[in-house]
Amino acid sequence: MVRFKNRYLLCELVLEKDCLVYPIEQKEVYYVVRQAIERCHGDYGAGVTQGGMNVKYLNVYTKTVLIRVRREYYKLLWSSIPFIKSIGRQKLFFHSLHIGGTIRSCQKFLVKYGQQQLAVLLQKCKTQEERKAVQRATIHCTWLKGLSNFENVKHTEDDDFSD
Amino acid sequence: MKRIVSKGPADYFYLKVSLEFTDDDFEVDVLLFKAIIVKALLTMYGETGTAMTVDVLKYNEDRKEAILRVHHSGFSKLWSALTLFGYYSQKQCAFRVHQVSSCLMALAFNSRQHMVPVH
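Residue numbers (this note's numbering), protein chains in the order written: chain W, 1 to 163; chain V, 164 to 282.
With the rest of the complex left out, here is chain W (with noise of 0.2 Å):
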């Protein structure tokens, strides 16, 4: 069956000054990892990347990224994104996720990874507040989670949450 296969990488930007929000353009990003790619595999590492490569997904508040690559050269895509030290003015660098054959598996990492990190973030609260927040986060979550598995049970939503 003739059919493109790809694989998407999913990375994550660490800002030098972490900030709510930088404006980064999915143009920006697409230019500053074929620079990349260049410099690391040559002519032949652009000119096979380049067909397939897309950055398919760019959020700035979550600074999550997702890029579409041909699933043969994946690997000149993912041993090249570690090289890239800013883009424009801005310093950074991209923290590589999970690479996943479709969307959806990433967002399902995404989501799993999303958990995770609450966790670490609960044991770095400096504030009562600010634990507080996250353990609401996190008990709103694995709520989410627990009412997938169960289509059929019913919950009184705020009764047992509220704080």
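Simulated from the structure, these hints should not be mistaken for lab results.
Capping the alpha-carbon separation at 27 Å, the derived lysine-lysine pairs in DSS-like fashion look like this:
id, chain 1, residue 1, chain 2, residue 2
1, W, Lys-85, V, Lys-202
2, V, Lys-240, W, Lys-5
3, W, Lys-145, W, Lys-63
4, W, Lys-56, W, Lys-91
5, V, Lys-240, W, Lys-75
6, V, Lys-202, W, Lys-75
7, V, Lys-240, V, Lys-179
8, V, Lys-179, V, Lys-254
Could you slot chain V onto chain W? The hints should help.
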């Protein structure tokens, strides 16, 4: 049923190459020759291309001819990079690959360039 056991690819491949310039006066010493090979790998395969070890075993400065040794994993990359290398410092040049073998002894003789003395 015959059982075939393979030893795998040879460890190293040896290439006899010569570098040709349109302007024959341009002198290339062995260090510059190695630098040109590395530049060819850099343009074609980037920094991962330059990471492969290419050894210049013998170099003939008059004819700009050399015997190179490369690990089998980098062999096709080296040959393709040398083939597609066209310019060095605004001068047109070309790598001619005369012989290739996994055994160095095979490069001792070349039936194409062998001159039979005619009396």
